[in-house]
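Engineer: The chain contents come next:
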Amino acid sequence: MKVIYILWLRQIKRYYRSKSRIVGSIAQPLLFLLAFGFGFSPIFQRAGGGDYIQFLVPGIIAMGILFTAVFSGIEIIWDKQFGFLKETLVAPVSRLKIMIGRTLGGGTVAVMQGLIILVVSLFLGFHLPGFHMIILSLVFMILIALLFAALGTVIASLLEDMQGFQLIMNFLLMPLFFLSGALFPLQGLPRVFTIIASIDPLFYGIDGLRSTLLDSLHLGIFHDFLILSAITTVLFAIGSYLFSKIQI
Amino acid sequence: MIEVENLTKRFGNFDAVNSISFSVKEGEIFAFLGPNGAGKTTTIKILTTLLKPTSGKIKINNYDPLKEQNKVRQSFGIVFQDPSLDDELTAYENMEFHGVLYNVPKEIRKERIEQLLRFVELWERKNNLVKNFSGGMKRRLEVARGLIHHPKILFLDEPTLGLDPQTRNHIWSYIKELSSKEKMTVFFTTHYMEEAERLAQRVAIIDKGQIVAEGTPLELKEQTKTNSLEDAFLSLTGKKMREEEASPLDKMRMRRRMFRH
Chain A
1025 MKVIYILWLR QIKRYYRSKS RIVGSIAQPL LFLLAFGFGF SPIFQRAGGG
1075 DYIQFLVPGI IAMGILFTAV FSGIEIIWDK QFGFLKETLV APVSRLKIMI
1125 GRTLGGGTVA VMQGLIILVV SLFLGFHLPG FHMIILSLVF MILIALLFAA
1175 LGTVIASLLE DMQGFQLIMN FLLMPLFFLS GALFPLQGLP RVFTIIASID
1225 PLFYGIDGLR STLLDSLHLG IFHDFLILSA ITTVLFAIGS YLFSKIQI
Chain B
553 MIEVENLTKR FGNFDAVNSI SFSVKEGEIF AFLGPNGAGK TTTIKILTTL
603 LKPTSGKIKI NNYDPLKEQN KVRQSFGIVF QDPSLDDELT AYENMEFHGV
653 LYNVPKEIRK ERIEQLLRFV ELWERKNNLV KNFSGGMKRR LEVARGLIHH
703 PKILFLDEPT LGLDPQTRNH IWSYIKELSS KEKMTVFFTT HYMEEAERLA
753 QRVAIIDKGQ IVAEGTPLEL KEQTKTNSLE DAFLSLTGKK MREEEASPLD
803 KMRMRRRMFR H
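Read top to bottom, the protein sequences are chains A and B.
Using the numbering used here, you'd call the opening residue of the first sequence number 1025 and step up by one each time.
Using the numbering used here, you'd call the opening residue of the second sequence number 553 and step up by one each time.
Watch out, some of these pointers could steer you wrong.
To be verified - Here are some chain B residues the structure puts well away from chain A; computed CB gaps all over 12 Å:
1. Lys604
2. Ser636
3. Leu788
Unchecked claim - Computed cross-link-like contacts, DSS-like style, restricted to lysine-lysine with a CA-CA straight-line distance of at most 30 Å:
4. Lys1043/A / Lys611/B
5. Lys1269/A / Lys773/B
6. Lys1121/A / Lys760/B
7. Lys1269/A / Lys611/B
Hints are computed from structural coordinates only; laboratory data are not their basis.
Backbone N, C-alpha and C define an ideal beta-carbon position, used for all residues, glycine too.
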């Protein structure tokens, strides 16, 4: 436990010490929120979609969590090259514990990032739901964070250096984000899109987050919860396997 | 303390280490010398469980690094060739992190961290972030860190690279004292031949993945009929300069260095 705690603590410390990273990773979602939020609001309303800011905020929160969480996993590559990973890998600690500590740390940081975006969005006119809904939405934030932190670990264990990362960014993360329903509703799109969306874990995350934050609970969120937990578990298992195979 | 038998590590069809055997006794200071790319770091990585050997038998403190990894890991401390500190943490936090990973009880941990940081003269800077440290300070911190859990074996991969003679002397006299007082075994690599000659009780010279000579510095000098270990080294390994192909990681470190300066 102590080992997991100290690894977790390291991630948290690194997070609050790099102010530029906090600002940088909030600026991008915020830019999306402002540009899309105000840009598409009138059209969205005219099309009968309702308040676009309300619709968009959960998607942007998920976006912030997605990127922060994946990056925290990717940090393993930094640690590989700056040598710190060696220090943890020669310690008499199981690799599984290292992986758990890191993932929890990265997940925590990502959730904090999501909460910051939530607070900022209040100033842009987002209305909060009731207290118990906020708690429920937190459950989904945590799930999204852990899922993508584990995905980041999987990617980082496979990549030798940061060069492959651009590729992952453009061909994995961006599509995951665009097809998740974060920016626009997926109803009425060609069937291809809905099929692809149904294998996108973020789709379930967004659905859960949106229905809790917008106080429009439906039965589907149990479904969302189960699928997210299942994928997180699987990614975690793959991640710990790959992580245990790292040789430097 | 360290026993290696017919150790081989193959990358593709290149033998980085080719069937080497040697042993190091408890409390001994052992220098592992060789030109660039000879297989020194690969050997250390295998001995410290970071890499798996292709074939061969190894015993570290009587444990098998393949089967009893954690027991092996608890037995040694290591100072790597490249920096391995977390720049975003303070000196104290780096020490604390290590102490927790090696399961050193809290009270002892506090005591040893203070003692070691005072020794490497970083106690005053304990709350400073490591990224603000000079190369020499980082090195000193790494040596201190490697000793927190009182390892039975200390691996040092070019520990004094880039240090001034004062710091080098200071660190070595402490390590020598520990080695004789606590019977700590020291396994180190260096490019400073006079350092190896002065400190090592025994020396092995590796070249192109194979051990070409082994013995006390005196024996090696007699064997090659030379006056210094440096000349003995050159006569055993030739004068041709070596090239090492950079791994992707090395290339990336290089870019980072350029980026930072």
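Engineer: Next, verify each hint and record whether it holds.
Structural biologist: Now for the hints, and whether the structure bears them out:
1. Its beta-carbon lying about 7 Å from the closest one in chain A, Lys604/B breaks the requirement of being farther than 12 Å from that chain.
2. With 12 Å as the threshold on Cβ separation, the claim that Ser636/B sits away from chain A is violated: the shortest Cβ distance comes to roughly 4 Å.
3. For Leu788/B, the shortest C-beta to C-beta distance to chain A comes to about 30 Å, beyond the 12 Å cut-off, and the non-interface label holds.
4. Taking the CA atoms of Lys1043/A and Lys611/B, the gap is near 47 Å; set against the 30 Å cutoff, the hint is violated.
5. Between Lys1269/A and Lys773/B the alpha-carbon distance is near 43 Å, which puts this suggested pair outside the 30 Å criterion.
6. Between the alpha carbons of Lys1121/A and Lys760/B the distance comes to roughly 38 Å, so the proposed pair goes past 30 Å and is violated.
7. In summary, the hint linking Lys1269/A to Lys611/B is supported, as the alpha carbons are separated by about 22 Å, within the 30 Å threshold.
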